[in-house]
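So the protein lines, in turn, are chains A and B.
If you use the working numbering, the first sequence corresponds to residues 1 to 163, in order.
If you use the working numbering, the second sequence corresponds to residues 1 to 578, in order.
FYI, nobody ran anything at the bench for these hints, they're computed from the structure.
Careful: at least some of the hints might be erroneous.
[To be verified] Calculated pairs, SDA-like style, for lysine to any residue (alpha carbon to alpha carbon, straight line, at most 20 Å):
| hint | chain 1 | residue 1 | chain 2 | residue 2 |
| --- | --- | --- | --- | --- |
| 1 | B | Lys-170 | B | Pro-103 |
| 2 | A | Lys-66 | B | Met-181 |
| 3 | A | Lys-72 | B | Arg-182 |
| 4 | A | Lys-66 | B | Lys-558 |
| 5 | B | Lys-558 | B | Ser-204 |
| 6 | B | Lys-311 | A | Val-121 |
| 7 | A | Lys-62 | B | Lys-314 |
| 8 | B | Lys-564 | B | Leu-362 |
| 9 | A | Lys-62 | B | Val-315 |
| 10 | A | Lys-66 | B | Lys-564 |
| 11 | A | Lys-62 | B | Ala-307 |
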Amino acid sequence: MRHIISILIENESGALSRVAGLFSARGYNIESLTVAPTEDSSMSRMTLVTRGSEQIIEQITKQLNKLIDVIKLIDLAESQHIERELMMVKIRTASETRDEIRRVADIFRGRIIDVTPTSYVVEMTGTSEKLDAFLATVDSGTIIEVVRSGPTGISRGEKGLHL
Amino acid sequence: MELSGGQILVQSLKDEGVEYIFGYPGGAVLHLYDALFQQEDIKHILVRHEQGATHAADGYARATGKPGVVLVTSGPGATNAVTGIATAYMDSIPMVVISGQVPSPVIGSDAFQEVDMIGITRPCVKHNFLVSDVNKLAETIKKAFYVATTGRPGPVVVDVPKDITDPKIKVPYKYPKKVEMRSYNPAVSGHKGQIKKAVELLLSASKPIIYSGGGVVLGEASKELTEFSRLLGYPVTNTLMGLGAYPATDKQFVGMLGMHGTYEANMAMHESDVIIAIGARFDDRVTGKLDLFCPYAKIIHIDVDPASISKTVKVDIPIVGEVKPVLEQMIELIKENKKKPDKKALESWWKQIKVWQSVKCLEFDRGSRLIKPQFVIEQLYEVTKGDAYVTSDVGQHQMWAAQYYHFDKPRRWINSGGLGTMGFGLPAAIGVKLAFPDADVACVTGEASVQMCIQELSTALQYKTAIKIINLNNRYMGMVRQWQEFSYESRYSHSYMDTIPEFVKLAEAYGHVGIRIDKPEEVKPALERAFAMKDRTVFLDIITDRTENVYPMIEAGKGHHDMKLRVALGTSTDRELA
Ligand SMILES: Cc1cc2nc3c(=O)[nH]c(=O)nc-3n(C[C@H](O)[C@H](O)[C@H](O)COP(=O)(O)OP(=O)(O)OC[C@H]3O[C@@H](n4cnc5c(N)ncnc54)[C@H](O)[C@@H]3O)c2cc1C
Ligand SMILES: Cc1ncc(C[n+]2csc(CCOP(=O)(O)OP(=O)(O)O)c2C)c(N)n1
Ligand SMILES: [Mg+2]
């Protein structure tokens with residue numbers, strides 16, 4: 001099953017490589033990983049998407065918790081949560097396709113953030129499935145570049161992952 | 001007090017109560033060595049190879065329970081230490097390794113003797129630190145010791161760029177009394193509800209077994225384990241790392257379990273209905289084939305590291321905590337409980353165990369005219385009255401030492417179990433002897449293993465560590481040869497050396513005593529002579545039966561109930577190879 005693990009980690013040099021190294025050394029699957037500072041500059045927040053059986057996910061969370069730099073973590077998939085991913089897609093356009101692309105981007109609540117006579121860059125956020133769905137509507141031959149952030153997430157309700 | 005980084009490091013180690021540093025100098029640590037030179041409290045042991053430093057510090061740590069301390073230079077000094085760091089990591093041994101690093105401004109420029117020590121050691125340390133500010137040096141050292149020695153212990157590397165120890169830069173020094181790390185809070189006492197549940201399960205067992213491991217030694221809980229086991233009257237088996245945690249000569253002890261464990265221990269595991277694993281980690285050498293592991297048992301597991309629990313074998317009652325407080329609580333609950341162990345069931349369980357014991361799986365040919373390695377260990381046990389510190393290397397000799405030296409006390413059996421590092425035994429023995437100068441320290445080794453860190457014989461002379469090297473010389477990498485005999489139709493591919501040094505001369509060249517023997521009747525007198533020489537290191541080169549194998553054995557892919565036993569006790573002469 002797919003799991004989204006959200007981690008608060010000390011903002012130390014090398015903290016990221018400890019997490020990445022753990023996954024490669026133990027042969028765990030890692031689909032995406034995002035890292036950025038939090039409101040407290042001494043900590044970073046990492047969101048990691050992985051897949052595995054219950055037993056493997058249990059080991060992954062235990063091994064992550066065991067890293068000295070990891071302060072706290074939660075498996076978002078275990079409760080109600082919101083998930084978002086940012087995508088930018090550069091699409092080759094021809095005069096007869098430009099309107100259609102704009103319309104579809106609109107439907108997906110995307111925005112066109114760069115325009116040249118022959119291309120658009122569409123910006124879009126949403127769940128990964130929504131971004132996949134958008135890409136499926138675009139003629140793959142016209143896609144020049146896809147840049148995705150990987151999902152980040154937050155739990156619903158009042159409770160949160162903090163110190 | 002204003003001190004330079006070099007002085008701060010040395011002073012921090014003093015404040016930490018460090019007695020010995022095992023090290024080797026070089027460019028990146030010269031400031032530090034200069035600071036060491038100007039004091040007398042900490043004794044520096046100059047090894048002959050950095051791997052030796054790590055194993056010696058490790059041996060010291062295993063024997064004393066205190067963290068071992070290592071100091072090496074950058075680049076090759078640091079990489080030479082890696083095997084020893086990984087060895088300590090696999091067996092959860094507390095160790096602090098200080099490595100020099102090139103000056104901060106040139107890090108990343110492929111400077112002379114630069115290597116990314118933090119990156120290289122990341123997968124084989126509990127944690128590592130790169131010191132980036134001399135003002136944080138003392139605190140970092142404190143953290144290193146704190147992390148290394150608490151929770152599940154392990155090695156910690158502190159990488160110190162040369163500019164940090166610059167004698168010209170002085171800063172205020174204060175060694176923190178305590179550190180807190182918000183991201184590191186190891187569990188201590190276990191969950192009360194879980195402990196209660198475990199006790200209920202234990203008391204309702206009819207074929208129980210106590211499976212204890214290195215965690216009992218690491219957690220100083222032998223006394224508690226012994227009381228707990230006696231209270232219940234259940235059979236006890238130990239892992240290779242747990243030997244000594246429960247007295248081997250006690251009647252409840254059924255021997256080691258696992259690949260080269262006893263028949264009775266493995267059969268009892270297989271047939272048991274309740275297992276309590278105490279500070280043991282279900283290593284594959286212990287479990288054999290996982291699908292066949294303990295099919296009838298409910299399992300309780302006490303471990304301070306949650307990641308050890310249900311890693312390979314799913315357990316029924318996990319208890320995260322230190323063995324000592326958890327066992328104390330269990331003992332109390334058992335005493336309070338109206339329910340007592342099922343006497344009748346236990347009686348027939350022990351009866352069954354006695355039947356397995358009657359197989360006498362550790363019997364060997366005592367009439368042989370060749371020296372049997374098992375016999376040597378038995379004699380070693382007698383001559384040292386079972387009270388020596390025994391270090392070992394890796395191979396058949398290690399298994400024989402584990403099987404035939406009956407350790408009654410923890411921290412007496414010192415070997416590399418998890419990584420299985422040949423070369424460990426000799427430097428480890430030096431570390432042990434430094435810690436306990438009056439104790440008998442024996443290094444049981446093989447002619448291949450001992451050559452991997454043989455240079456440390458020179459260290460042994462310099463520091464007058466009078467150890468006894470028991471070289472079970474079978475002219476083979478016996479353990480490899482055994483596997484080749486069993487699984488590769490005796491194709492002995494590169495498991496022997498065409499040239500083996502004359503160890504007697506070698507010992508003498510290093511300034512020690514060398515004795516070579518090849519007859520069984522010489523074994524005891526030679527051992528007695530060796531141990532009588534209180535102030536000399538003695539190298540006993542014992543020419544053993546080269547065809548001897550370690551029995552019993554669980555072969556790859558088999559379960560506990562499917563052990564290979566010594567088939568017949570035929571004379572070894574007809575099995576002797578050319
Ligand atoms: C040639 C060779 C053959 C071998 N054959 C065998 C064999 O036949 N049988 C065998 O048993 N081994 C054998 N081994 C050793 C094996 O590889 C493992 O090293 C060993 O089985 C592990 O022992 P352990 O389970 O006690 O764990 P250890 O490695 O000692 O780990 C200790 C466990 O206790 C936990 N712990 C630590 N401190 C505490 C505390 N204070 N409180 C609670 N928990 C704590 C740790 O988290 C860890 O899970 C062999 C090794 C070699 C090299
Ligand atoms: C550094 C290292 N290299 C290789 C091995 C693989 N290995 C395990 S046992 C063994 C043979 C050891 O031979 P010896 O020291 O003579 O001991 P014996 O088995 O003959 O008693 C080897 C090569 C190892 N454990 N460690
Ligand atoms: Mg040999």
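(message) Tell me the hint numbers this structure goes against, listed in increasing order.
(response) 4, 5, 6 and 10
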